[in-house]
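Protein chains in written order, with numbering that gives the first Met the number 0: chain G, 0 to 353; chain U, 0 to 353.
Incorrect hints may have been included.
One copy or two, either will do: identical chains are not told apart, so a pair holds if it fits within one copy or between any two.
List of simulated lysine-lysine pairs, BS3-like, C-alpha gap at most 25 Å [claimed, not checked]: (1) Lys-226 - Lys-1; (2) Lys-249 - Lys-50; (3) Lys-226 - Lys-67; (4) Lys-226 - Lys-108; (5) Lys-129 - Lys-105; (6) Lys-105 - Lys-209; (7) Lys-105 - Lys-226; (8) Lys-1 - Lys-209; (9) Lys-226 - Lys-120; (10) Lys-102 - Lys-226; (11) Lys-302 - Lys-249; (12) Lys-135 - Lys-1; (13) Lys-311 - Lys-284; (14) Lys-180 - Lys-249.
I should point out that these hints are in silico values taken from the structure, not numbers from a laboratory.
Number of protein chains: 2
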Amino acid sequence: MKKHNFSAGPCILPEEVLQKASDAVLNFNNDNLSLIEISHRSASFVSVMEKAKNLVLELLDLEDKGYKVLFLQGGASTQFLMTAYNLLNSKAAYLNTGTWADKAIKEAKLFGELVEVGSSKDKNYNYIPKGYEIPKDVDYFHCTSNNTIFGTQMKSFPEFDGVTVCDMSSDIFSRQLDFSKFDLIYAGAQKNMGPAGTTLVVIKEDILGKVDRVIPSMLNYQSHISKDSMFNTPSVFAVYVSMLTLQWLKDLGGIPFIEKVNEKKAALLYNEIDRNPLFEGIVAKEDRSNMNATFTLTNESLKETFDIMCTKAGINGINGHRSVGGYRASMYNALPLYSVQVLVDTMQELEKNN
Amino acid sequence: MKKHNFSAGPCILPEEVLQKASDAVLNFNNDNLSLIEISHRSASFVSVMEKAKNLVLELLDLEDKGYKVLFLQGGASTQFLMTAYNLLNSKAAYLNTGTWADKAIKEAKLFGELVEVGSSKDKNYNYIPKGYEIPKDVDYFHCTSNNTIFGTQMKSFPEFDGVTVCDMSSDIFSRQLDFSKFDLIYAGAQKNMGPAGTTLVVIKEDILGKVDRVIPSMLNYQSHISKDSMFNTPSVFAVYVSMLTLQWLKDLGGIPFIEKVNEKKAALLYNEIDRNPLFEGIVAKEDRSNMNATFTLTNESLKETFDIMCTKAGINGINGHRSVGGYRASMYNALPLYSVQVLVDTMQELEKNN
Numbered sequence: 000m001k002k003h004n005f006s007a008g009p010c011i012l013p014e015e016v017l018q019k020a021s022d023a024v025l026n027f028n029n030d031n032l033s034l035i036e037i038s039h040r041s042a043s044f045v046s047v048m049e050k051a052k053n054l055v056l057e058l059l060d061l062e063d064k065g066y067k068v069l070f071l072q073g074g075a076s077t078q079f080l081m082t083a084y085n086l087l088n089s090k091a092a093y094l095n096t097g098t099w100a101d102k103a104i105k106e107a108k109l110f111g112e113l114v115e116v117g118s119s120k121d122k123n124y125n126y127i128p129k130g131y132e133i134p135k136d137v138d139y140f141h142c143t144s145n146n147t148i149f150g151t152q153m154k155s156f157p158e159f160d161g162v163t164v165c166d167m168s169s170d171i172f173s174r175q176l177d178f179s180k181f182d183l184i185y186a187g188a189q190k191n192m193g194p195a196g197t198t199l200v201v202i203k204e205d206i207l208g209k210v211d212r213v214i215p216s217m218l219n220y221q222s223h224i225s226k227d228s229m230f231n232t233p234s235v236f237a238v239y240v241s242m243l244t245l246q247w248l249k250d251l252g253g254i255p256f257i258e259k260v261n262e263k264k265a266a267l268l269y270n271e272i273d274r275n276p277l278f279e280g281i282v283a284k285e286d287r288s289n290m291n292a293t294f295t296l297t298n299e300s301l302k303e304t305f306d307i308m309c310t311k312a313g314i315n316g317i318n319g320h321r322s323v324g325g326y327r328a329s330m331y332n333a334l335p336l337y338s339v340q341v342l343v344d345t346m347q348e349l350e351k352n353n
Numbered sequence: 000m001k002k003h004n005f006s007a008g009p010c011i012l013p014e015e016v017l018q019k020a021s022d023a024v025l026n027f028n029n030d031n032l033s034l035i036e037i038s039h040r041s042a043s044f045v046s047v048m049e050k051a052k053n054l055v056l057e058l059l060d061l062e063d064k065g066y067k068v069l070f071l072q073g074g075a076s077t078q079f080l081m082t083a084y085n086l087l088n089s090k091a092a093y094l095n096t097g098t099w100a101d102k103a104i105k106e107a108k109l110f111g112e113l114v115e116v117g118s119s120k121d122k123n124y125n126y127i128p129k130g131y132e133i134p135k136d137v138d139y140f141h142c143t144s145n146n147t148i149f150g151t152q153m154k155s156f157p158e159f160d161g162v163t164v165c166d167m168s169s170d171i172f173s174r175q176l177d178f179s180k181f182d183l184i185y186a187g188a189q190k191n192m193g194p195a196g197t198t199l200v201v202i203k204e205d206i207l208g209k210v211d212r213v214i215p216s217m218l219n220y221q222s223h224i225s226k227d228s229m230f231n232t233p234s235v236f237a238v239y240v241s242m243l244t245l246q247w248l249k250d251l252g253g254i255p256f257i258e259k260v261n262e263k264k265a266a267l268l269y270n271e272i273d274r275n276p277l278f279e280g281i282v283a284k285e286d287r288s289n290m291n292a293t294f295t296l297t298n299e300s301l302k303e304t305f306d307i308m309c310t311k312a313g314i315n316g317i318n319g320h321r322s323v324g325g326y327r328a329s330m331y332n333a334l335p336l337y338s339v340q341v342l343v344d345t346m347q348e349l350e351k352n353n
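Chain G with its partners taken away, still in its complex shape:
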């Protein structure tokens, strides 16, 4: 039996994507060679890379708007560093909404003055700061759209005329946004886009070339742009599986379609969390993430019972992050509504039995 996979990332991917990926490892494009043993400069792989990039622009509605798409290595953690290396001349503004934002701030501090315009660190990041001001003279503003660990999500973004950078690792391709309001979007693949091993960067080219420092080649967005993400050997398998996942999303109806599904899944689970006296949510209601729902038992002594029931129901990956505790159900694009129903049923069964 296939499990109900609520893992926070790496996470569930569509069944048909897994099947195609598995086939390609044996025989890619019926060419009697494995995907992972061909040259990344072969026509077959170059067309995968092209297709993946075009799908990103199409799904985000960013075609012909001056954006370049890169598939890099090193995860969002490398982007914490690269954004500052490439964009920070003197001062940047950061919104601190969680562990990852905090790490981004730590790395950027090596390159210039940082203004933390808002922070929810005081309450273990259980809300999204609001009403903050972004100084006009900063090189850029950086935020994190969804906080995987804590289960909060920015429902709106500040009006800001300057360069805006967003870490969308855990909710890109999950909801409709005006993506053209961002100048640089980055995302580790391993949530809604594909397996671990590649990182998406969508960048407006005209924001580059404005810092004084010399940037090492591998950290320079311009090196990668000039070589179409082939400055060095890309993470072939991860890019291919990302392309398949993006194609799957497009075939379903793109972001407008999946957003509705994601809203349904989130509503189903949050309604149960609020209704069921045995559970309570961890974060401010208005900031609840549609991707990662964090909650606890109101009676901790039921933990063992509930955990056993979940295992029996085939529910996987709902342990909370160690810095929050409780439970975290991640409901990325590929998670079926049915899996959420199974979790809700299990919560209701716990209530009935206790």
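Chain G is already provided as a structure; the job is to place chain U on it using the hints.
This is chain U only, laid out in the frame that chain G set:
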């Protein structure tokens, strides 16, 4: 029919590894979850990472000698930068034996004074410089053990008491060396170790912590060592397939066994290149690589004929690199002797017909 895959990298991997990798994408460890949709912190994956690291130390005979093994992202190109960031205080010595060495030099120059102790750039890198002196006061000496593009290989390494760094991307695990003479070895996976997407770093811990600069976390070897290569999400699939490939090599008899096979394959091909009047080798005989054999036709007008014959014989990936021309047959660990025989037969057939 499976092709004879002479690709320079990404390159041929063992059939049984491809089969296991394909299976794991559907169902890993019979756990009803795909390898690529489980947490990298799950017991299943943590044990893959541990096993891969132990296999590296065992195969290189570096157990209990103060080395740490890392699986990072970003390819050898990121190592060009990281080695300098972590080790270069004032001055370093580099041996320039090819395009990759040259790129390593370019990156390191951002961090200190570089002494190019030897270079074969004057003859398009068709030999390995010898008789050079390494200044005693350098922070480290850097070399490239095998030059994929040009087809040269260092058959011996200079006697040097200081820190020695070696890019072994294209011949690690292919021949017996006293690996304990090196303080830092790095290698992109996509030749003898696995698919593109992960980079092996084997590092003697005591060489770290000696530079004055602040090193960004993702570029700091100590960050990765302290978190056992889990400082951020690793390239799960690439690490898993590397582990399978290392296990395959161990089961065969390790490096002593594969070295003999590699010598046989290289001898078979180079003997034909030297014997057959229609072909000639490109590089100095004493520096010929056992991994990548570069050669040309003595009569360029036969190119089309030979290319068609190769395609008919199922030979894949022998076009030379654009900066060298001619042909390049890469004979990595997983390439069967039989594939080299097919290439040699095709060369002989060309001779017979012309």
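Taking the hints in turn, this is what the structure says about them:
For the identical chains of this complex, Lys-226 and Lys-1 are neighbours neither inside a copy (41 Å) nor across copies (31 Å), given an alpha-carbon limit of 25 Å. Within a single copy, Lys-249 and Lys-50 get their C-alpha atoms as close as 12 Å, which meets the 25 Å cut-off; across copies the closest is 39 Å, which misses it. Taking the shortest alpha-carbon separations for Lys-226 and Lys-67, only the intra-copy value of 11 Å comes in at or below 25 Å, while the best inter-copy value is 33 Å. Taking identical chains as interchangeable, the C-alpha atoms of Lys-226 and Lys-108 lie at most 25 Å apart only when they sit on different chains, with a minimum of 22 Å there against 29 Å within one chain.
Taking the shortest Cα distances, Lys-129 and Lys-105 sit within 25 Å of each other inside one copy (22 Å), while across copies they are farther apart (46 Å). For the homomeric pair Lys-105 and Lys-209, the shortest alpha-carbon distances inside one copy (22 Å) and between copies (22 Å) are both at most 25 Å. Proximity of Lys-105 to Lys-226 under the C-alpha cut-off of 25 Å is restricted to the inter-copy arrangement: shortest distance 18 Å between copies versus 30 Å within a copy. Proximity of Lys-1 and Lys-209 under a CA criterion of 25 Å is satisfied in neither setting, with 50 Å inside one chain copy and 50 Å between copies.
Taking the closest pair of Cα atoms, Lys-226 and Lys-120 come within 25 Å of each other only across two copies (24 Å); inside a single copy the shortest separation is 40 Å, beyond that limit. In this homomeric assembly, Lys-102 and Lys-226 come within 25 Å of each other (Cα to Cα) only across copies, at 15 Å, whereas the closest approach inside a single copy is 29 Å. For the homomeric pair Lys-302 and Lys-249, neither the shortest alpha-carbon distance inside one copy (40 Å) nor that between copies (44 Å) is at most 25 Å. Taking the shortest Cα distances, Lys-135 and Lys-1 never come within 25 Å of each other, neither inside one copy (51 Å) nor across copies (61 Å).
In the homo-oligomer, the alpha carbons of Lys-311 and Lys-284 never lie at most 25 Å apart, since the shortest distance is 30 Å inside one protomer and 66 Å across protomers. In this assembly of identical chains, the alpha carbons of Lys-180 and Lys-249 lie at most 25 Å apart only when taken from the same copy (22 Å versus 53 Å across copies).
Checked against the numbered hints listed earlier, the structure breaks hints 1, 8, 11, 12, 13; every other hint is satisfied.
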